[in-house]
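These protein sequences, in sequence, are chains A and B.
Take 1 as the starting number for the first sequence in this note's numbering and just add one per residue.
Take 1001 as the starting number for the second sequence in this note's numbering and just add one per residue.
To be clear, the hints were calculated from the coordinates, so they are not data collected in a lab.
All the given hints hold, so there is nothing to weed out.
Okay, the calculated beta carbon distance ranges per label pair:
| id | chain 1 | residue 1 | chain 2 | residue 2 | range |
| --- | --- | --- | --- | --- | --- |
| 1 | B | M1409 | A | S519 | 54 to 60 Å |
| 2 | B | A1226 | A | R468 | 32 to 38 Å |
| 3 | A | A346 | B | Q1132 | 54 to 60 Å |
| 4 | A | A408 | B | D1447 | 20 to 26 Å |
| 5 | A | A356 | B | Q1132 | 53 to 59 Å |
| 6 | B | R1410 | A | N488 | 54 to 60 Å |
| 7 | B | R1101 | A | P294 | 50 to 56 Å |
| 8 | A | I278 | B | Q1132 | 55 to 61 Å |
| 9 | A | V515 | B | I1047 | 27 to 33 Å |
Ideal Cβ positions, reconstructed from N, Cα and C, are used throughout, including at glycine.
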Amino acid sequence: RPTDLDERSLKRLASQDSASAVAAATVTGVRLESGEIIRARKVVITTGTFLGGEIHIGLKAFPSGRKGEAASTGLSKSLKDAGFRLGRMKTGTPPRLAGSTIDFSRMPKQLGDMPVTPFSFVHDSVPYANDQVACYQTHTTPAVHKVIEANFDQSIHIRETVRGPRYCPSLESKIKRFSEKDSHVIWLEPEGLPEHTDVVYPNGISNTMPEDIQLKFLRLIPGLENVTMTQPGYGVEYDHIDPRELKRTLETKRVTGLYMAGQINGTTGYEEAAAQGILAGANAGLAAGHDKAPDRAGETPQLVLDRSDGYLGVLIDDLITRGVEEPYRVFTARSEYRLSSRADNADIRLTRRAAALGLIRDTSRLARLDAVEADMAQAQALLSQVVHLPHEWEAKLGGDRRVGRNGARTSALDMIQKGFLAEDMSADSRQPENIAPELMPKARKCTGGPRISDIVPGWADVPLNIRRRVATEAMYHGYLRQQQLEANTFKREESLRLPVDIDYSQIRVLSREEVDRLSRVRPDTLGAARRIGGITPGGMLALLKHVRRAADA
Amino acid sequence: MNAIVGRIWTVGVGGRRPLIPLRRLSATSRVQDTIFALSSHPGKAAIAIVRVSGPAAKQVLARMVRAKTVRPRYAHVGKIVHPRSGEVLDRGVSVWFPGPRSYTGEDMLELHVHGGTAVVSSVLAALGAIAQVRMAEAGEFSRRAFDNDKLDLTALEGVADLINAETEAQRRLAVRQAHGELFEMYEGWRAALVRLRAQAEAYIDFAEEEAIEDGVYARVCADAGALASRIRAHLDDGRQGEILRNGVALSIVGPPNSGKSTLLNKLAQRQVAIVSPIAGTTRDIVETTLDIGGYPLVVRDTAGLRDAGADVIEREGIRRAVTAAREADIRICMADALPAAGPEPFWANAEWRALLDLPHTFVVLNKVDTLPPASDIRGAVEAWARARGIGNRVVPLSCASMFGWDALMRLLADDIRQSWAAGAALHMPLTKARHRQHLQQCLRHLDELARTDEASVVLGAEELRAAGNALARITGKLGLEDVLDALFSQFCIGK
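For reference, chain A alone in the conformation it holds in the complex (with noise of 0.2 Å):
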């Protein structure tokens, strides 16, 4: 697995033909620096930053992937020897602090959720939920951003030619920007429980400045008089490939059993890159175990996931039809399908399809979902034998005239479709501290009225995370069933799948442009087509026949 490669860095990937093009050659190792080679079908690689990685502090850079540990260069190499183009990307990370040198005292204290929701749907509650840690905020100043602009000379990292990211930008970059806003928010992050670790992530204060002006700025900031750093922040550029290069599964179209992930893509590294590596790790076992399985009947079988399926589905489709241009972070606002793909549902959308594959191999966490969906419909059930005439709900929702009065019997289901009724979804039910109103989470306030447990019977023994799910369908119905037909059309679109090895150049009707783009992108379905841009309908009505031509053959 390629995880045993960590600590040794890999050197060079050992291909047979490496040297010729498209799809002919085949991953069959690894040869790492020490020169010992492992052989493997399957290749997962996940660089992050250490591809070709150079860190710059001030004016000073140096090849290192991450501060501290050497970068792999001599993969740059091999992975441009087998005819991938890669492309340089910059990132940076903040100085880290000494907690006890802080000054928390007179800072906005933020506490963390509370009830917890754990991450997995294994798991019903999370260890330390009583014992969390509150982060806190600050800010910069204008003699912050004066000693910073009196400084920009004193970097290298803030040369525009390679490209970082607008999200996440630098410290820098956020004052040469937004130069008209005299003060950035900082949040400080203890990157642990006090027993283990003092340390504090100082976030929205990625810079690059040399380290005595990295330290001089930050004593500049409310509560950080005294700070000592426990180690400055920095940049880091490194290389990427380029997506378009990818099939669905993560494996790259030009070696066959070579699959990257993260970072190497051209994406951010955080959420983005760690749902890449379930995915490309998932298509490297399966097609590994196919390969092994005696009888090696039918087609390997793949995780792929389409841009309905979830953000996971539209990072991917995103990097392999489009290509990046700046490390590429996922925002919700990405997705066609906002509000069906939400982190609520992650059990009901995906994991029966991941057992299928046989990724879940636990029944317990099958028998879990059963049970949740039998409670979500009893809860359900519950609101909608909860039924009243207009009168009778505005009496019950405290005069509220705008329930109209068509006579119609209206459900507590359809109340709360309607926005007369709503969940608390509140994710803290403590009073925080310490917190200017103004800075209150304002997305979190909830639509007053009377609770849906003062109405229906029953409602406040079932679960909250239960009582949550079903409201949050309620809410969402109408658009829900919107998001399903649009859903349904895009996935007959992705069904009609083009083969890879397409000669665009032999369909008539294209345009040198669209063979020249389409020929680049290799798309692998028509909807993934159309997505490109630039293919007209012409164009795709003559993929469309071209697929149904080779379907009938």
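For this one, chain A is given, so just place chain B on it according to the hints.
Below, chain B without anything else, positioned relative to chain A:
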């Protein structure tokens, strides 16, 4: 942006853009054109199949196959002739598929001819010679089939949106059509929606960790409400003179400074062309769509026709003017009524004289107000016109005093009604329907948005997205990236 601009809309045809004949433009309407194409593989083959689809397919059958009876869906063997000359082009098989039982759902004719290049091109050329029949654009047969519910729907449904609203031809048309003020207005609305959506998105994704100001969402809703009012006002106003996509093409030609632009401006009741007393001011072709006697008319003002030509740009302009005039449905040849500038130079030029021989050509003698009161020049001119058989097509006019205006309008309206009323009537509701439909869709989403609040901001963003997409279907601009661009330029966000 003034909400009343919907009345008349103008298209400046840029100098570098190739001139698109108006016929071709009106030909993109799917209701009335008949299309044809070589449907078998081009190049040497034993037989070639040419398909014709559309309402005029029957006429093609009558004029090119000329058989007394052709049984639907049966092979008919016989001569295939040129529709005008009757010259035999080939002897082949014709199959007649009356709609809706055909591939496209329209009346269709298949001509199976011998595969030689000469035969095929002569058949294609002959088809092109029939009015309202034109070469199909790529994918157009399938598109029609799709429009008529004839294609395998499960396979094509996904492409439906794209075909209906975003075909390249329609997109080009939309852009061309909505160039100028209307385009700017729609695009301005769309850009405003993009900015509003960026603010809603910033609120959704970053309200908690970043200091996004208070009241952002309330402002978004208020701004969207104001925008909705503007769109509503536009829709209401649009009733009287809404843009007509394709109308009868009118071309105004004449010597420099004879008052063509002034006439156009009078027609449009607004400044569309640059008017100045310096000869040769109108270098290019200015286009206006307007409504005369209830019929849509696309008017083109062309560069002055002047023989002298050290000025190369203007010579090119004149060449275009003559071309445009030939291709127009109706021509107004304008000349100064004053003897000095007079009509005679106009008749002297061979190219111009040729225009007069075309039907639907009117002669307007402008500036009759400047004539001496007792002048009999008018009488002389009329006699001259009668002698050439165009006596009922000459109108004396004064753009300055509006003398003769009503007579000209009547003449134009009668001519349009007699020749093109059916087609014109077909065009009008199409355009109205398309724009109105998308604008109303946009309004519906903005109205839904007004019902959301901070707690349901996600639904609000959904409505903003849908509202913006509705406008994008008119302007042809669709995309997420500009939302993110707006977001990052307005807010300093991220860790």
